[in-house]
Amino acid sequence: MKALKLTGLLATTGLALALAAPAAAQQQKLVIESWRNDDLAIWQEKIIPAFNKAHPNITVEFSPTAPKDYNAALNAKLASGTAGDIITCRPFDASLGLFQKGYLTPLSDLKGIENFPDTAKVAWTTDDGKTTFCLPMASVIHGFIYNADAFQELGIQPPKTESEFFAALEKIRADGRYTPLAMGTSEQWEAATMGFQNVGPNYWQGEAGRTKLIKGQAKLTDAEYVKTFEQIAKWKPYLPKGFEAQTYADSQNMFTLGRAAIYPAGSWEIALFNQQADFKMGAFLPPKPDNAQECYISDHTDIGMGINKASKNQDAARTFLEWAATKEFAEIYANELPGFFSLSKHEVALKDPLAQEFVNWRKQCKSTIRNSYQILSRGEPNLENEMWATSARVVSGTLSPQDAAKQLQAGLDKWYKPAP
Amino acid sequence: MTGREDGAAAAAAPAAIPAAPLARRRRTRWHIAVFLAPATLIYSVFMIYPLLDSLWMSFFRGTPEGGAVFVGLRNHITLLTDELWAGQFFNALKNNLMFFAIHMLVQNPIGILLAALLSTRRLRFRGAYRTLLFLPTMLSVVVVGFIWQLILSPVWGVAESMLSAVGLGDLFQPYLGREGSALITLSLISVWQYIGIPMLLIYAALLAIPDDLIDAAAVEGATGWDIFWKIKLPLVMPTIGTVSVLTFVGNFNAFDLIYATQGALAGPNFSTDLLGTFFYRTFFGNQLQLGDPYMGATVATGMFAVILLGILVYLTQIRPRIQTYEL
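Residue numbers (my numbering), protein chains in the order written: chain X, 1 to 420; chain L, 1 to 327.
Okay, chain L solo, but in the shape it has when bound (with noise of 0.2 Å):
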């Protein structure tokens, strides 16, 4: 390795050989070079391409013969303006704006809260807490649509019994099939699945926070209550912030559980439509409605200005306010 470098060195700048300072500067900046080939080349192989690819094919329209032909921006107008393909469009990303708010107001304060409680100092059995509640992170979506179909399924359930057992049982409904209950009962089945990864990243930042810092508070004479939201609250603000970022980027990208448990027409009436299901209709087709790659990489294109949009709004807006400590 180092051997070949050193020949190539020696070829590329033959006549430095007196400067020998500065050939010498010049080859240690090779590593550099190497050391960011590999991700870079997978990372332009496997995601800049596709997506360059991706954004490219939204400027075509099919042919039946099989062919395509360079249409410009009237995907794009189609989509944004067109009664039906707007009609859909907007209602999935409104959903998907529910989706993400449920998901900030439910997943992320819980993650947050199991975080400062798995890091209080007398938690007895923290390792078992831990990883029970990060499990169902690791489950295939598929296996969680499925566990919970079958708790809320009106016919076999135990959600009803369960809710009989205290007395509640008039509050049972068959939420996964009613339009108005349906997208937020998959929001609250997405936020029990993902609550783990809040949790552990908050979870990490807690720890990070020094021993001092906490004593000194309590020295001074804060309580518990004043040390989590004026100390270790702050601290962790980055970690949230990143955690929301993931989440809103998973959120809008989301497309799985809604397949696995409400098929591809996301029914009832598409009240859980989201940018994901649209997508995935739009490209592959369904039953009678035959696949249409062009619109359909229209359709990812809208997806993908979505969510830069967000992170942009994110970068300016966002993460300039969220004040870092050095610790």
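So here's chain X without its partners, still in its complex pose (with noise of 0.2 Å):
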């Protein structure tokens, strides 16, 4: 009787194997990895929906964890094996590293990828400009939105240059009604992406600066970026009573249920401000110091795709990302995720009126990235901690921008030697 069983049951299994075998090798699946868990019903609503249409016999899954435990759990899952066949990679250091431990698949010959420009392959290139290992996706760009109602209101234009940013805050304050600028200092970063890397570019003047910096011509405690820690040591009477522990989270609450005017920006906002706002909405560049004449960006190459070179599913990760070079993917992209910039040559078209105002800013001004990104957080101490630190501590007034100025580099001369 059990014996009888077994057999049965063998030759089930048999059977389900061999019915099994020849789907699996038509039907092939790709998991990508990404911190991105926003966007998840966008992925497997519009974008998976779209590639199956070209391509219906590879299954996608999008797998997202939390965005802080990225790297960390990525990292953890290449070591061990485990980790998805598309890998979202975050610019510079953290997946070149991946790439030099050879976790990465160089895609310099992807099918594509001469659609995109070197400016956004810098991110994900090696030092020597010659291999590139992810394919550029997606760049946020920083300023200001604004609540249009509340200026209409108290009868104030979007500010063009320093002291006319400085007077509208003044105005709104004077007003009372509204907190001039939802901002906090709690989880140190919106100081320093949001304040410093929002408005410095316009002082350092955007890529010259950035590259100086690598090259050891110029220093952090050069008048630029004293100047720039000085503007938002500027912000603090403007800012929400006790924002010293308000979260990231509450300014972007604050700001969307109306209570605050003017709200230092990252474009990555656009579509949660869209869902939740119920005024109209503005946005303007980051003010230009009075007497500048050209006007600097922070266009910053945020997200990247590359292939896990230990997938098994190698052709099909590749069917994918020269997918995702297409304007096809560009489009809805951009158009689905408004905030996030299409990296690539392809001319798109926004419906969103406030993320097409943003990449407009493009056409307008010069675009670079965040200055401690691309080398210069290489080493210990490490320049972006140093500056949320030292932001944070200049808009909560507890440290002069001179003295910002100096830890930053003391930090820096503590281990970079700038190539001769």
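What the hints contain is simulated information worked out from the structure, not anything from laboratory work. Using N, Cα and C, we set each Cβ at its ideal position, and we do this for glycine too. Where hints are given, some of them may not hold.
Chain L residues, not near chain X, derived (Cβ > 12 Å throughout) [claimed, not checked]:
no., residue
1, G62
2, P64
3, R74
4, F134
5, L135
6, L152
7, G167
8, L168
9, I209
10, P210
11, V219
12, I311
13, L315
14, Q323
Reference listing, derived: stretches of chain L covered by chain X, where coverage requires no fewer than 3 residues with Cβ under 8 Å from a Cβ of chain X [claimed, not checked]:
no., stretch
15, 176-182
16, 255-266
17, 286-292
Assemble the dimeric complex from its two separately framed chains, guided by the hints.
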């Protein structure tokens, strides 16, 4: 009796295996590792179905991890060989490190990679410029989002220069109905990212200043960096009461509830703000120093995609990335995730007016990326961490702009020797 | 089970058959190994091996290609002498000592007080109080961190309006955001959460005191105050010792509350950085800082040394002085 059952079981299993085998050969499955858990629905409902129209035999699963756990989780998964086939790449060293350890497939010869300018590829290319290991996907642009209804109510025009900016802030504060600037320093990164890196490029003249720092021709104690700190030090009187303990989510909610007039922003906020705010919003450029001619924006390479070298589905993964380099993908992505701008050369029309406003700045101003990202955050102390801590202290008035600049440069001097 | 053991014993000592009593005695000792085996095995695989492995790892340094080279004590020397590393390490150690001191000064005395109140004979709703006081301990730290962050939030929090209602509105500060108050605030949040543990342990010890002792003291004319200080407290002293050790180990491994409320950079300006958050940042990295498992293991070794030292001080200096009474 028992033996009979066992034979039956074996037969069934064998049959199931025989049936499953040919299907498995045709149907390939890709798993995408990502930190963009906010985008899960868009991947499942828009991007993957669009891909499957052209490639029905490749199943794609988008499998995100919480942003702050992503790097640690990904490293652990890659080391243990359990990571997905496609890896969403953080810009610069985090991904470069993965490539050097042999976790990522080189993509210099990927079909369609020629659709991306070098300024986009730099975030995922080796220092010698020879090998690109991730496909550039999206950038985010810094600026200020404002409550257009509040501006109208108070009779304020979006400011263009630094003095107009502070005049506007002063006017909002005097009126008292709105908090002028919605930002806190509790999580520290807002002060550095939405403060320092947002307004700074105008002072250090974008790429020129950024590359000078890397070449060692400029120091963080130079006037342009002290001036950047001085500008954010002046924000304090316009921040909400108790901003020292105000978290990032607090600031977002404060603005979308209509309690604040201006939000120092990154374009990634657009989707959430559109959803939550029931007032008209606009955006203005980081205010220029009063005598400046040119304007500069932080147009930061933020997301790329690469292939896990250990993946068994290299061909399918390549097919997916080739599709991700097409105009079709750029259009879906940029429109479904307003605020994440395609890095490709394809001309993409955006339906979202706020996102369009941000992306129009690319035509008026010169783009640069955050100056702490390439090479300069490689050593200890980590420049990015130091920028978070010092910027938060400068904004809350516990560190002077000069001392902050000195601390950053001293930290950099400890380990960084620019190539002669 | 038994059959196999008998067989094994017989096979092991075939020559000893004539000396039956000896063989029997020896055979009975097998159960010691059998009963110890599961715990020893699990403890070795999941605690001792990882601990030793992590200590061993701290003697290496990573190479860009992903390999590792043996560097001896260089990592440990870096951690303790390099201005940058030592600065962070001793800052975290100092904060951790402060965190521990607040727990010892606030959590344990209040725990004793609550236990004493709970064990008074005429208390009604004892079970309800006990459950309510123990409840926060069972909540996830992330939940506790989030709740308190909301309570203390300068934007939505109820703390400010509650203080204002009793005329103390001026006292309200963004406590979690100021360098001077953030660590103390977080320590008190942790005390609030874990108060149930000393309370329950000491409560159990208080219940174990025989009633005749108390009755005898009362007959002799001792007041409730005397009974507490001269009879109950000395009798629960060993439990208080145990609670202190648990607090010590827990505090020096603390990480989650700080990470949940302040992030891995333990702001503002590292004023809430504990050894646990320092370790996390080193091992796993943060934003652009890449994780360094070897320096991370070195920090972990440092934490282990601190905890080991603390336990040794307790075992050799403090515990021998705590008198235990046979009841």
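Structure-based check of each hint:
no., hint, in the structure
1, G62, "violated (10 Å)"
2, P64, "violated (6 Å)"
3, R74, "holds (14 Å)"
4, F134, "holds (29 Å)"
5, L135, "holds (25 Å)"
6, L152, "violated (7 Å)"
7, G167, "holds (19 Å)"
8, L168, "holds (16 Å)"
9, I209, "holds (45 Å)"
10, P210, "holds (51 Å)"
11, V219, "holds (56 Å)"
12, I311, "holds (29 Å)"
13, L315, "holds (36 Å)"
14, Q323, "holds (46 Å)"
15, 176-182, "holds (count 4)"
16, 255-266, "holds (count 4)"
17, 286-292, "holds (count 6)"
Hint check: violations occur at hints 1, 2 and 6; the rest are consistent with the structure.
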